[in-house]
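Could you build the full structure based on these sequences and the hints that come with them?
Quick mapping for you: the protein sequence lines, in order, are chains A and B. Whatever position you read off the first sequence (first residue = 1), add 33 for our numbering. Whatever position you read off the second sequence (first residue = 1), add 33 for our numbering.
Just so you know, the hints here were simulated from the structure itself, not pulled from any lab data.
Copies of the same chain look alike in the list, so a pair counts if it fits in one copy or across any two.
DMTMM-like mimics (lysine to aspartate or glutamate), calculated; alpha carbons at most 25 Å apart, straight line:
#1 372 with 280
#2 37 with 84
#3 37 with 181
#4 77 with 181
#5 82 with 149
Number of protein chains: 2
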Amino acid sequence: MKGKATSFDIAHRAGVSQSTVSRALSNSPLVNRETRERIQQIAKELNYKVDKNASNLRKQRSSTIALLLFEDPSTDDSQINPFFISILGSITKACSAANYDLLVSFQNLTDDWHAEFEDTHKADGLILLGYGDYLDYEAKINQLQEQDTHFVRWGAADPKYPGISVGSNNFQGGYVVTEHLIAQGRTRFAFVGEADSHAPEFLARFQGFTHALTQANLMDQYFGQFDAIFTVEAGMEAAIELFAEGDHPDAIVCASDLIALGVIQAMRQVGLRCPEDIAVTGYDNIPIAAFAEPALTTVQQDTKAAGGTLVEHILKQINNESTSDTLIPASLIIRDSSKPYSKT
Amino acid sequence: MKGKATSFDIAHRAGVSQSTVSRALSNSPLVNRETRERIQQIAKELNYKVDKNASNLRKQRSSTIALLLFEDPSTDDSQINPFFISILGSITKACSAANYDLLVSFQNLTDDWHAEFEDTHKADGLILLGYGDYLDYEAKINQLQEQDTHFVRWGAADPKYPGISVGSNNFQGGYVVTEHLIAQGRTRFAFVGEADSHAPEFLARFQGFTHALTQANLMDQYFGQFDAIFTVEAGMEAAIELFAEGDHPDAIVCASDLIALGVIQAMRQVGLRCPEDIAVTGYDNIPIAAFAEPALTTVQQDTKAAGGTLVEHILKQINNESTSDTLIPASLIIRDSSKPYSKT
DNA sequence: AGTCTCTATGCAATTTTATGCAATAGGTGA
DNA sequence: TCACCTATTGCATAAAATTGCATAGAGACT
Numbered sequence: 034m035k036g037k038a039t040s041f042d043i044a045h046r047a048g049v050s051q052s053t054v055s056r057a058l059s060n061s062p063l064v065n066r067e068t069r070e071r072i073q074q075i076a077k078e079l080n081y082k083v084d085k086n087a088s089n090l091r092k093q094r095s096s097t098i099a100l101l102l103f104e105d106p107s108t109d110d111s112q113i114n115p116f117f118i119s120i121l122g123s124i125t126k127a128c129s130a131a132n133y134d135l136l137v138s139f140q141n142l143t144d145d146w147h148a149e150f151e152d153t154h155k156a157d158g159l160i161l162l163g164y165g166d167y168l169d170y171e172a173k174i175n176q177l178q179e180q181d182t183h184f185v186r187w188g189a190a191d192p193k194y195p196g197i198s199v200g201s202n203n204f205q206g207g208y209v210v211t212e213h214l215i216a217q218g219r220t221r222f223a224f225v226g227e228a229d230s231h232a233p234e235f236l237a238r239f240q241g242f243t244h245a246l247t248q249a250n251l252m253d254q255y256f257g258q259f260d261a262i263f264t265v266e267a268g269m270e271a272a273i274e275l276f277a278e279g280d281h282p283d284a285i286v287c288a289s290d291l292i293a294l295g296v297i298q299a300m301r302q303v304g305l306r307c308p309e310d311i312a313v314t315g316y317d318n319i320p321i322a323a324f325a326e327p328a329l330t331t332v333q334q335d336t337k338a339a340g341g342t343l344v345e346h347i348l349k350q351i352n353n354e355s356t357s358d359t360l361i362p363a364s365l366i367i368r369d370s371s372k373p374y375s376k377t
Numbered sequence: 034m035k036g037k038a039t040s041f042d043i044a045h046r047a048g049v050s051q052s053t054v055s056r057a058l059s060n061s062p063l064v065n066r067e068t069r070e071r072i073q074q075i076a077k078e079l080n081y082k083v084d085k086n087a088s089n090l091r092k093q094r095s096s097t098i099a100l101l102l103f104e105d106p107s108t109d110d111s112q113i114n115p116f117f118i119s120i121l122g123s124i125t126k127a128c129s130a131a132n133y134d135l136l137v138s139f140q141n142l143t144d145d146w147h148a149e150f151e152d153t154h155k156a157d158g159l160i161l162l163g164y165g166d167y168l169d170y171e172a173k174i175n176q177l178q179e180q181d182t183h184f185v186r187w188g189a190a191d192p193k194y195p196g197i198s199v200g201s202n203n204f205q206g207g208y209v210v211t212e213h214l215i216a217q218g219r220t221r222f223a224f225v226g227e228a229d230s231h232a233p234e235f236l237a238r239f240q241g242f243t244h245a246l247t248q249a250n251l252m253d254q255y256f257g258q259f260d261a262i263f264t265v266e267a268g269m270e271a272a273i274e275l276f277a278e279g280d281h282p283d284a285i286v287c288a289s290d291l292i293a294l295g296v297i298q299a300m301r302q303v304g305l306r307c308p309e310d311i312a313v314t315g316y317d318n319i320p321i322a323a324f325a326e327p328a329l330t331t332v333q334q335d336t337k338a339a340g341g342t343l344v345e346h347i348l349k350q351i352n353n354e355s356t357s358d359t360l361i362p363a364s365l366i367i368r369d370s371s372k373p374y375s376k377t
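See the structure below:
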């Protein structure tokens, strides 16, 4: 047999028309059960698979969604934020559960990605993943909206950007972990992590943090906030800067696990013990967190729900159902690094 | 304007035929420069993009490659092997550099993925990523070969499987790290990591390890090999088993960084110091390795070259050029966890 | 018997682009 | 002037599937 079999080949063998084959293979009730089974049998024998391009062209939909991952161009491939990886896993699974394919693209920011996927009919919708704030990001999001492209952003709802977003409740996460430390008897707090509009996630965690302190009347003992991007290295540097002040806090809330590990590393270098001298908490619950020394108290984002919700929202948009911004609750994971004084 | 513009719309505006538009947009020398520029100008104004499905259908190729990631189904989404993630990054970049799209799919092993992509014309070729040894894996690889599907496997060349493979030189990696430890004065070695056909990568590292020991005449002092899958937890458990023997080695070569971190953790629990009592090495150079306590000596696989080479091989196959198995050299990264006795 | 209904199937149009072949125009050389 | 060449453009078709509409045949009811 030359080349792949087409629906015409099957039609010929089954002695029916090609349209009947098409219907039979999509389990249409319009075709008699016996005929349908016979056709499906022949299709199996010939190893027939429907041609996605022809099918998509006719149907004017691709059953594919595109995942665009925006990363700080300064970080190299191996430095991809572990949280995004985890969410990528759950997105692929949610897609395949819905019988959608997934196109993945790491964007560098110069491309005209805004038209690259839906306009070409490569994908029916876009998932935008990454920490916001890029060159032209806002302008391109606006253009997506104008073009009626289906898209969902990962991140907090933000009036600056149009369209729907799905995000983790970073405010609540920052709040509960701080509340936990307060309950453990800590009183003098510092926060390590950028807390400005360039990193809205970190900012929200910081705001949850200060909200908890304010509620507990601990703002008068507040030690300060120290910038750090999401790496171990940045955490170490920030901690060194923090300790340079002579005095030190008794609890450090970090905006990510990697930062926390860096902070603990720096503490070890200056002879401070965790949690005896300073309790330290992270954020993300990366695989290593449970096995760090000490085991790291952290906040876990529900990546499974995140991926599933993102896909769900995109599918709803494709089907012209309405959606709205969604916040996914985060959960506190208590380990040794936040143990109270009394336990030492 | 209703719907997206097609090449007919442009033809109409430009007062030429649709075929001329098609040629002009692909920069064909068959069309007059002035006409071509006029057409491209109009296309830009109308925000026209070629319909990928129609184009693919006509051309009978998709300019897409599919990445199939096989993972142990027992691990959850967040446990994806960091090495694969890193390679994923370089694959996406290599693809976009070659103007190919990338479909990503995490396979559970029951699907008939072997026909799911190229037979449907969703992709022109397949990259198979993951540790081998799955249900029906061999049978399906054979079927791919029979169907003349273009594919490249990640992993060592293995006569059991047909087709081309690209892999990291794990034998050499295991060899150089062991050689390094020997040069540091270590003599009594243990290996932690599975070393059987279920984990061919680990096995090759182990074989490089024993080769170095044999060459240095240290096999009579060989302490033993202890099974562990690639997690921190498995490393801890293996180490506990190892220490249960009463005696201990002075160097432990681990099959992955996470295992090594688990081993160091277990050492700390039984009061053994690294590197003073036992030198420990990892494999993969994950982001945390440089900041572990002590900083971990490890072997780095060149993921950038890996992704690029995988893509290159697939593209060659698609263009009917010949390719052959490729081994990518690994490089040793020396840090504190392998310091010699004398330094203590 | 005539008509009506219902089911199953076939026919033909449609989706958009790429491309082999034909055609046209304008110029050149004999 | 005719034949021919070259450069450009248009025509028609093919790629493989989906789907609205038409219709054949069977059975039912009047």
